[in-house]
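**Q** Okay, here's what each chain looks like letter by letter:
Number of protein chains: 2
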Amino acid sequence: MEQEMITSIHNPQIKRLHQLLNRKGREASGTFLVEGVHLVEEALQSGAAVKTVIYDMDRGIDPACEASLRVYDRPLKRIAVTEQVLAKLSETKSPQGIVAEVSQHSVDWQAWKQKYEQAGSAFVVLMLDELQDPGNLGTIIRTAEAAGIDGIVVGENSVDLYNGKVLRATMGAIFRLPLFRLPLPAACEELGAMGTRLLVTSVHDGSVAYDEPVYDGRIAIVIGNEGRGVSPEISRLATTHVHIPLYGAAESLNAAVACGIMLYEARRQRKE
Amino acid sequence: MEQEMITSIHNPQIKRLHQLLNRKGREASGTFLVEGVHLVEEALQSGAAVKTVIYDMDRGIDPACEASLRVYDRPLKRIAVTEQVLAKLSETKSPQGIVAEVSQHSVDWQAWKQKYEQAGSAFVVLMLDELQDPGNLGTIIRTAEAAGIDGIVVGENSVDLYNGKVLRATMGAIFRLPLFRLPLPAACEELGAMGTRLLVTSVHDGSVAYDEPVYDGRIAIVIGNEGRGVSPEISRLATTHVHIPLYGAAESLNAAVACGIMLYEARRQRKE
Numbered sequence: 465m466e467q468e469m470i471t472s473i474h475n476p477q478i479k480r481l482h483q484l485l486n487r488k489g490r491e492a493s494g495t496f497l498v499e500g501v502h503l504v505e506e507a508l509q510s511g512a513a514v515k516t517v518i519y520d521m522d523r524g525i526d527p528a529c530e531a532s533l534r535v536y537d538r539p540l541k542r543i544a545v546t547e548q549v550l551a552k553l554s555e556t557k558s559p560q561g562i563v564a565e566v567s568q569h570s571v572d573w574q575a576w577k578q579k580y581e582q583a584g585s586a587f588v589v590l591m592l593d594e595l596q597d598p599g600n601l602g603t604i605i606r607t608a609e610a611a612g613i614d615g616i617v618v619g620e621n622s623v624d625l626y627n628g629k630v631l632r633a634t635m636g637a638i639f640r641l642p643l644f645r646l647p648l649p650a651a652c653e654e655l656g657a658m659g660t661r662l663l664v665t666s667v668h669d670g671s672v673a674y675d676e677p678v679y680d681g682r683i684a685i686v687i688g689n690e691g692r693g694v695s696p697e698i699s700r701l702a703t704t705h706v707h708i709p710l711y712g713a714a715e716s717l718n719a720a721v722a723c724g725i726m727l728y729e730a731r732r733q734r735k736e
Numbered sequence: 465m466e467q468e469m470i471t472s473i474h475n476p477q478i479k480r481l482h483q484l485l486n487r488k489g490r491e492a493s494g495t496f497l498v499e500g501v502h503l504v505e506e507a508l509q510s511g512a513a514v515k516t517v518i519y520d521m522d523r524g525i526d527p528a529c530e531a532s533l534r535v536y537d538r539p540l541k542r543i544a545v546t547e548q549v550l551a552k553l554s555e556t557k558s559p560q561g562i563v564a565e566v567s568q569h570s571v572d573w574q575a576w577k578q579k580y581e582q583a584g585s586a587f588v589v590l591m592l593d594e595l596q597d598p599g600n601l602g603t604i605i606r607t608a609e610a611a612g613i614d615g616i617v618v619g620e621n622s623v624d625l626y627n628g629k630v631l632r633a634t635m636g637a638i639f640r641l642p643l644f645r646l647p648l649p650a651a652c653e654e655l656g657a658m659g660t661r662l663l664v665t666s667v668h669d670g671s672v673a674y675d676e677p678v679y680d681g682r683i684a685i686v687i688g689n690e691g692r693g694v695s696p697e698i699s700r701l702a703t704t705h706v707h708i709p710l711y712g713a714a715e716s717l718n719a720a721v722a723c724g725i726m727l728y729e730a731r732r733q734r735k736e
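Those protein sequences? They're chains A and B, same order as listed. Take the first sequence: its letters are residues 465 to 736, numbered as in this note's numbering. Take the second sequence: its letters are residues 465 to 736, numbered as in this note's numbering.
Please note: incorrect hints may appear among the correct ones.
[Claimed, not checked] The calculated lysine-lysine pairs, modelled on DSS-like cross-linking and capped at a C-alpha distance of 25 angstroms, are:
(1) 557/B <-> 629/A
(2) 735/B <-> 735/A
(3) 557/A <-> 629/B
[What the hints assert, rightly or not] Covered, in the sense of this in silico footprint (three residues per stretch, anywhere, with C-beta under 8 angstroms from a C-beta of chain B), are these stretches of chain A:
(4) 481 to 493
(5) 599 to 610
(6) 715 to 724
[As the list claims (entries may be wrong)] One-sided and incomplete, this derived list gives chain B residues near chain A with beta-carbon spacing under 8 angstroms:
(7) 551
(8) 678
(9) 681
Simulated from the structure, these hints should not be mistaken for laboratory data. Glycine included, every Cβ here is placed at the ideal spot set by N, Cα and C.
Work the whole structure out from these sequences, hints included.
**A** Here it is, written out as structure tokens:
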């Protein structure tokens, strides 16, 4: 394992890593930063492509992370840095002493589809249309893993998947789920060609209640923007519009909560 | 309607209102501040005891708020202030030009219980045990209203109900739901004496899955702390321990998402 020491925030490697704190830098490099013992461990343990681990030389590496590093079987560089250098790569108020650079997740979409086509098997896909709140997006990814969802398609107009707030809210699920960033209309058509029914959350009259039996076979559940809901372009492609009934004077549910209710209802019906 | 104008942040009324931005000040006065057109309107329309409306004199009062003010039938003071004074009463980066002082919500607990005793009717109560994240607490209150829950008991060790982040996340539900701040063990006993079954969320072996038929009659659903879950003291009082199954490597669900899944399952079963 390569090992280095860096004490200056002007070091070109640190400058490069610092650029990963914004979306443009992440898109240019195809990597992102994760921060904190828990997330770094999750990345190492789930087999994500961790390229570099940067840690506070005075604090050393947390024993749990060290154990995960020892069994990690891909090339990886360690950089010991000063507290000040680490702060340069941190988005949180109390840095946890460790940051890792990870390659952006990339399960191949065509290969994913082929797997299901060849097996002739059912699936539940979650599609996210213009989600804007990083906490919501991350919590939805976390919830999707817990509900046993088979894949997530994130549309191009959603908040960046590799934003630090998204990553923290996923609690590591981002390293383990098949996640695709695709233009949603094309993804809807491709899934439709596989016999997938598109369930679009809505408040439309004429939509069916979320607890009706609509979740069998191949389905894609679309969750829309926090304020505007699912875009008209995607809404038009729906096989079925689905709503969650609201009692009292409530006007809506939080997007992550609504998503959890629907995904678990799908799961409940599919095991029956 | 009383009308005043204040241009100095040193004005004693502004100093008093400013203290409502922290818990101690709110507890001393028994009131709290809500900020923004939407929440002020929700407060006025739901019949909350709004005492004072403070607004930016240059921007005037939003027409929707003005309409709600005209039909509001309790004594209320209006204070026109400068932008700088309003900023002193604001917690957000872009103040929306209006803030209101509202009396803390107080449905009487004994009266609430009597109502159900006399009617001999069923109910679903939500109990919150040491919730720490304001966004979670607010989202849970919002979700509880949407699910048609009959009352919420917030334990004494939870984050303050009248914290600005909690209020914003409730989307106004806080003005409309019967909310009680009580020591949880005593509330559990009082509800138990009414034949209420206590469903405690847990990850215990031997707990039943959340979609088993456990939601009829009078029930109280307990949601615990984000990290530690329900406290041992309350857990011991459980009639039934309930868990939400987790797939993949997921270790837990977000507290508000878990709450939404259980409350909507309760609702689904109760309408059958």
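**Q** Hint compliance check: list the failing hint numbers for this structure, sorted ascending.
**A** Hints 4, 7, 8 and 9 not satisfied by this model.
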